[in-house]
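S.K.: Following the hints, complete the assembly by docking chain B onto the known chain A.
Taken in sequence, the protein lines are chains A and B.
Quick note on my numbering: the first sequence kicks off at 1 and runs consecutively.
Quick note on my numbering: the second sequence kicks off at 1001 and runs consecutively.
Treat the hints with caution; some may be incorrect.
Between beta-carbon pairs, the in silico distance windows are [unchecked claim]:
no. : chain 1 : residue 1 : chain 2 : residue 2 : range
1   : A       : Gly14     : B       : Ser1249   : 31 to 41 angstroms
2   : B       : Glu1276   : A       : Lys93     : 42 to 52 angstroms
3   : B       : Tyr1358   : A       : Glu121    : 26 to 36 angstroms
4   : B       : Ser1249   : A       : Thr180    : 51 to 61 angstroms
5   : B       : Glu1209   : A       : Ser295    : 32 to 42 angstroms
6   : B       : Glu1276   : A       : Gly14     : 30 to 40 angstroms
7   : A       : Ala405    : B       : Glu1276   : 30 to 40 angstroms
8   : A       : Asn456    : B       : Asp1194   : 58 to 68 angstroms
9   : A       : Val368    : B       : Asn1375   : 35 to 45 angstroms
Quick look at which bits of chain B chain A covers, simulated, 3 or more residues with Cβ under 8 angstroms [to be verified]:
no. : stretch
10  : 1051-1062
11  : 1110-1124
12  : 1359-1370
These aren't lab readings, by the way, just hints derived from the structure by calculation.
Yeah, the Cβ is synthetic: ideal placement off N, Cα and C, and Gly gets one too.
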Amino acid sequence: MKFSYSLLKKLVPGIPSKEKFADVINLKAFEVEEATGNSMEIKITPNRFADAASHWGMALEAAAIFNLKTKLDDKPLNIPKGKGKVRVVVENKHACPVYVAHYLEVVKIGETPAWIKSVLEDCGLRPINPVVDIMNYVMLETGQPLHAFDADKLDGSIVVRFAKQGEKIVSLDNHSYTLTKEDLVIADKSGALAIAGIKGGKRAEVDKNTKRIIVEAANFNQANIYKTMKRIALQTDASMRFSRGLSPYSASIGANRASGLLKEVIKAKVVDSLVVAGKLPGKEIIEFNTDKFNSLIGLSLGKKQAADYLKSLGFKIITKALKNKNSFLVEVPPLRQDVTIFEDLAEEVVRLYGVNDLKPTPPLVGLVPVESDDIVNLKKELRTILVGFGFSEVYNYSFVDKKEADSLELMNPIAEDKKYLRVSLSHGLKSNITLNAREFATLRIFEIGKVFSTKNEEARFALGVKEPEAMLHLKGIISQLLKRLGLTDILMKDESNNSLTIKSDGVVLGVAHSLNSNSAIAELNLDALLKIVIAENEYRPLSKYPSISRDISLVVPRDIKVGQVLEVIDDVNLNHIQNVDLIDYFDNFEDDKSRLSLTFRLVFRSEEKTLTDEEVDKEFKKVEAALVSKIRAVIR
Amino acid sequence: MHPLPSAYEADEQLLLFPAIQAFISTRILVVQPIFVKEYFNSVLLLNMNLKELQRKAFEEAENIEKKEHLESFRIKYLGRKGELTNILRSLKDLPVDERKSVGVDANKLKIELEQIVAFKEKEIGSLGEESVIDITRPGKKVNLGHLHPLTKIEEEIRNIFTSLNFSVVEGPELETEYFNFDALNIPASHPARDMWDTFWLKEGGKAKERRLMRTHTSPVQIRFMETHKPPFQIIVPGRVFRYEATDASHEINFYQLEGLMVGQNISLANFKFIVETFFKKLFGKNIEFRFRPSYFPFTEPSVEVDIKFPTKGRGDWLEVLGAGMVHPRVFESAHLNPRDIQGFAFGVGIDRLAMIKYKIPDIRLFYSGDLRFINQF
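Here chain A stands alone, though its shape is the one from the complex (with noise of 0.2 angstroms):
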């Protein structure tokens, strides 16, 4: 919110430079964010608006930091009222606890001072005409939003009411807005002479020969105006303000320093005036323990010292012995309606202190061992093993264009192509190898993230390879990979031509597919991976025999797989057997391309003793036997 640094120095004489004073704002109060000018944008926290929101608010926060006096021009002015030149209805008090309105008259508009002007340009607003402007600039002194109506203009009296569905509006700067029943007006009997706590309308506009006018100071409900603010997208310096909550008793303040300027200024006339008011809020006394506000901020400051920051910004000390001889009362004031803990008034006592000049103190506790989440320790270790195997990590967004079966879809999505949120990683992946092959001949990536579906949230992770034989290669890593988190059973069963589940111990923990003869992805779930990791490894005794190899050559009809051979070997229940691998894979027969050759290595250990070539060759003969009646294998 912008402010104008002539004014803040008017109204606290004294202030220092407008460097310093935006430094020391910015540590004891608000952040500072740039000061070209003679204007300064102070940020002004949503819980402030109703007393910072205003060079009154500032100057006090001012006077309060720097120990300096106020000179604000708020005294109470002698008003008449109950004349009957002005009649409002309120219909609804919770939405309107407040509505005061000055009837005043005019001889001549005339001209704004350059003083008024100044400020309003400083603070970015337009001067417009003497009426106008001082309603601007009451609004920039006392943060209470103004308007002013033509009095002859109305049609009866002013009624304060929510708008009937569908009822249309043209504002001051002749936009049309239609409005719904839960938007507040201001209006006569004609219709809707403005859209409460956000913009007037066209009708009862002030203009050069307005002779009569009707100044509104009211107080409205914030949500409503939060609500309409928000569904007409029309921000205002009133419906910003009103949306963030302000004091009803900021309306009267504002009326009344209106109604100064208006005769000061323009020699208008004070006739009438009328205040249409609900229950408004009590006085705020909250108890102030000093030994409480010592240990939750770790000071330890005096009674007296907090009770003075206190004071200076406004709040009341009530003399009253208590029970606890380190807690006083305290009257909050009646704009500050941030405040109704006593942890507010904590923050009030820290910041005038100095929260920057607070001494860092270690914490005294208890020590107790640090017990993190069992997946971060996964995925710690999964990143690890991975980036070993030449793996580089990408990160993806978790919104994606493409929808599936049990997609969930955004609400409010940014763009078209970020409607849905990510049921896989693998879509994410496969944009990345097809962005990174343009720079690189081969890839391996992964990433590990959320997938969201109608059926939960889930942690995966998912590898993409593109090099040569990239699903070979990605099986091989796989089951590295869980070997080495711990698994022992590992199992890749083809559901398809060119897609593989990963099993252990039952579990589905994912799919491997073949994209093309040189890429592949996987995928897996890191939450069911999590249940099955064995994190403690066990030592198995070293075998004190050697081992003893054998390989094997066949030769099979070309549409037979690895997967089929090995099978049947597992079912020949071999004695002795440590190992089988395939250590030749050859297709290319120049003759016949229907037979393909392969090659396994059967190893085989016993732990008990040295085998002897008799009895290796008696597994070794089952396995023949087997292959040749099973598949018709060739042995050669």
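M.R.: Leaving out everything else, chain B in the frame of chain A:
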């Protein structure tokens, strides 16, 4: 000296020859004596001369390192007047029976020695003086993977915090409105909600609760506190989402780290110690700090932390972290009594820290999947 190749490194083709296997076995005599013993078992029938000759030849072959030595070896045993040739030549003087048995073994030895010569020739060829490789050539490229820079920095951050006795906890990315907002003292229609632009889920008509992509890691505060008793100190790294136009410093998904420390007397001064320690470990001891008051609905008092590097040219204050003392209503949401406990919470953007640390100018690079970028880390 050329290191002995283990049997498993040797050329696969050569391995198929039993002689080479035996030869290699003798070379790893110390490791696997059993192989050698076996081998000798199988040649027990050889007469002593033949056996001795074989032992001698194998031993010599072992030490051959130069081509000319290999040639003398060949001449010594297999040459026209070589020792084995002599034995073979003498066979004709033996009785038929012995000639047959010794002959078979002698011929077998001859084949073995020829294979050894061939093997050695190959081995020496790769290191022989005539064909010494240019060792100034660049080393062979080894492909090692690269961790994503966000992973790298997150790991560094985790290590710092675990060294400070914080546990690492995670939570769901798809959240309910309750955990993301209401439980954190951000009611509906509250202007504070505007601080977080939210991606909402399109739900079917009968959805119990509105769901959203979490806008911060703070919901995990509630989830954790609902199931744990203080004292505790945790960090929560994770992906969060904001509905906003992307540019060099804004992304629709990014990473955040939440911190939460709760106990009987955890104070704002304790927070300053923890957070300063963290940043000094991450960015260096000489870093400067600035603590400013701020506003978050779930902390009271609230503060923001800026850091500044001492080096010239990086002299601006950088806004890096928001924090505060946990709001009593947040404790109440998690069914804890705020009268018994107090503590601090903070949130920091991991992407931002990575951008500062690695001098990355554009947040969108993190999600580009471009390996030219990732492989720099």
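S.K.: Determine for every hint whether it applies to the structure shown.
M.R.: Each hint tested on the structure:
1. The given range of 31 to 41 angstroms is respected by Gly14/A and Ser1249/B, whose C-beta atoms sit roughly 39 angstroms from each other.
2. Restraint check, Glu1276/B to Lys93/A: a C-beta distance of roughly 51 angstroms satisfies the suggested window 42 to 52 angstroms.
3. Checked against the given bound of 26 to 36 angstroms, the beta carbons of Tyr1358/B and Glu121/A, roughly 44 angstroms apart, lie outside it.
4. Distance hint check: the CB atoms of Ser1249/B and Thr180/A are about 37 angstroms apart, inconsistent with the given range 51 to 61 angstroms.
5. Here the CB-CB span from Glu1209/B to Ser295/A is close to 37 angstroms, well matched to the stated 32 to 42 angstroms.
6. Between Glu1276/B and Gly14/A the C-beta distance comes to about 34 angstroms, which sits within the given range of 30 to 40 angstroms.
7. Separation of Ala405/A from Glu1276/B is about 51 angstroms and departs from the stated range, judged on CB atoms against 30 to 40 angstroms.
8. For Asn456/A and Asp1194/B, the hinted distance range of 58 to 68 angstroms is not satisfied, since their beta carbons lie about 31 angstroms from each other.
9. In this structure the hint that Val368/A and Asn1375/B lie 35 to 45 angstroms apart at CB holds, the actual value being about 40 angstroms.
10. Under the rule that three or more residues need a Cβ within less than 8 angstroms of chain A, the assignment of the stretch 1051-1062 of chain B is violated, with 0 such residues.
11. Here the stretch 1110-1124 of chain B counts 0 residues with a CB under 8 angstroms from a CB of chain A, which misses the bar of 3, and the coverage is violated.
12. Counting residues of the stretch 1359-1370 of chain B whose CB lies closer than 8 angstroms to any CB of chain A gives 4, so the stated coverage by that chain holds, three being the minimum.
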